[in-house]
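Number of protein chains: 2
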Amino acid sequence: MDCTFIVIGHRAKTTADFEFNDISGSGGSLDTIARCIATTFCLSNGLRKDARAFLILLGGKDAPKTIRICGSEIKGLNADERSIAGLIRAALKKKAKRDEWTKSTTGVYISKAGFEDVLRELSEEGVTFVHLRESGVDVREFEFPSHPCFILGDNTDLTEEEEGVLNAHPFLKVSVGPKSYHASHCITIVHNEMDRRCP
Amino acid sequence: MDCTFIVIGHRAKTTADFEFNDISGSGGSLDTIARCIATTFCLSNGLRKDARAFLILLGGKDAPKTIRICGSEIKGLNADERSIAGLIRAALKKKAKRDEWTKSTTGVYISKAGFEDVLRELSEEGVTFVHLRESGVDVREFEFPSHPCFILGDNTDLTEEEEGVLNAHPFLKVSVGPKSYHASHCITIVHNEMDRRCP
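If you read the sequences in order, they're chains X and Y. Under the working numbering, the first residue of the first sequence is numbered -5, with each subsequent residue one higher. Under the working numbering, the first residue of the second sequence is numbered -5, with each subsequent residue one higher.
These aren't lab readings, by the way, just hints derived from the structure by calculation. Even for Gly, the Cβ is constructed at its ideal location relative to N, Cα and C. Check the hints yourself; a few may be wrong.
[Said to hold, decoys possible] Among the chain Y residues that face chain X by a calculated CB cut under 7 Å, a handful are:
#1 S117
#2 E119
#3 S174
[To be verified] Simulated crosslink set (DSBU-like; lysine-lysine; CA at most 35 Å straight-line):
#4 Y:K43 <-> Y:K69
#5 Y:K173 <-> X:K173
#6 Y:K97 <-> X:K173
#7 X:K173 <-> Y:K43
#8 X:K43 <-> Y:K167
#9 X:K69 <-> Y:K69
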């Protein structure tokens, strides 16, 4: 089953001048985004080729920017935060345009798109939006659509404004469990459920 | 429900002289260990006080060493790999003894114990060992014991020798899903299942 994850990095740096040794602080929680990328794509023995990630970066003076990573294209991905921060930094060094994806490394693209633009593009593609939140239907009872696109915030949930943007589209709500989990852990749990449906 | 995770870091550095900017390479996959610590303890809104981790470090000239982290004692834990590597390095700077735990930071201890010693100590404590492996019973069908102690390798499964050490104790086998997952992802899935049993 193909799947897409949109992760909103509310403070995530949009310029390449963050400190590599402090991706958590000066990168605006880029460590959180990095962990989301790792759980989106990494299996112990390979990559999830049917997964995609859209990382909406909203921190710093060049916001918004979106990085798109396509599992069907990437050749390899180390799961450690520093390697993934390197991929992000390489993408941030590229010229980003609003209506076009600029290729950075293989399978990694960047644009000036924000949350609204990304939702519009994916809506036209025919995905079904699924907002991951505690009040949603249990993922174990969830009837997965053919092309689910899961939406989640990094360290904080969607802002009221982002909720408004999402509300302009039809979407479903899904919960992954009775506790409040990190975004990357939510992705692991969703993947595990999909793996069980289509092993 | 209390729970313990034993993670075996087959190449994980046992001296504090690894490169902070290369915990994956010169640290002997300490990034993997760090992610396991993060998923063992970190919730979005706090820490799992009822969890414990034993990290068996087997790399380098001072092997073995074991770091014990007690959720009931630690005051805070940042989920990023670099912060957690800092905790590990601080512990590695302490004098480690075989039959005694030396305190490093709050809730973090180190000793010269190896896998066999740790199993013996925990066995005397009354935990039930649970080996996480693909051939085990599905975690969703698993009757959790009162004090489960999950055992997993970092990037590779247990060696034949380690299997031999484990075989000296009674243990159960559990699988977390139909794919081959990273160790830290296994921990997330086990936690999610336990959360559902005892929300």
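Report task. Run the structure past the numbered hints and jot down the numbers of the failing ones, going up. Result -> 1, 2 and 9
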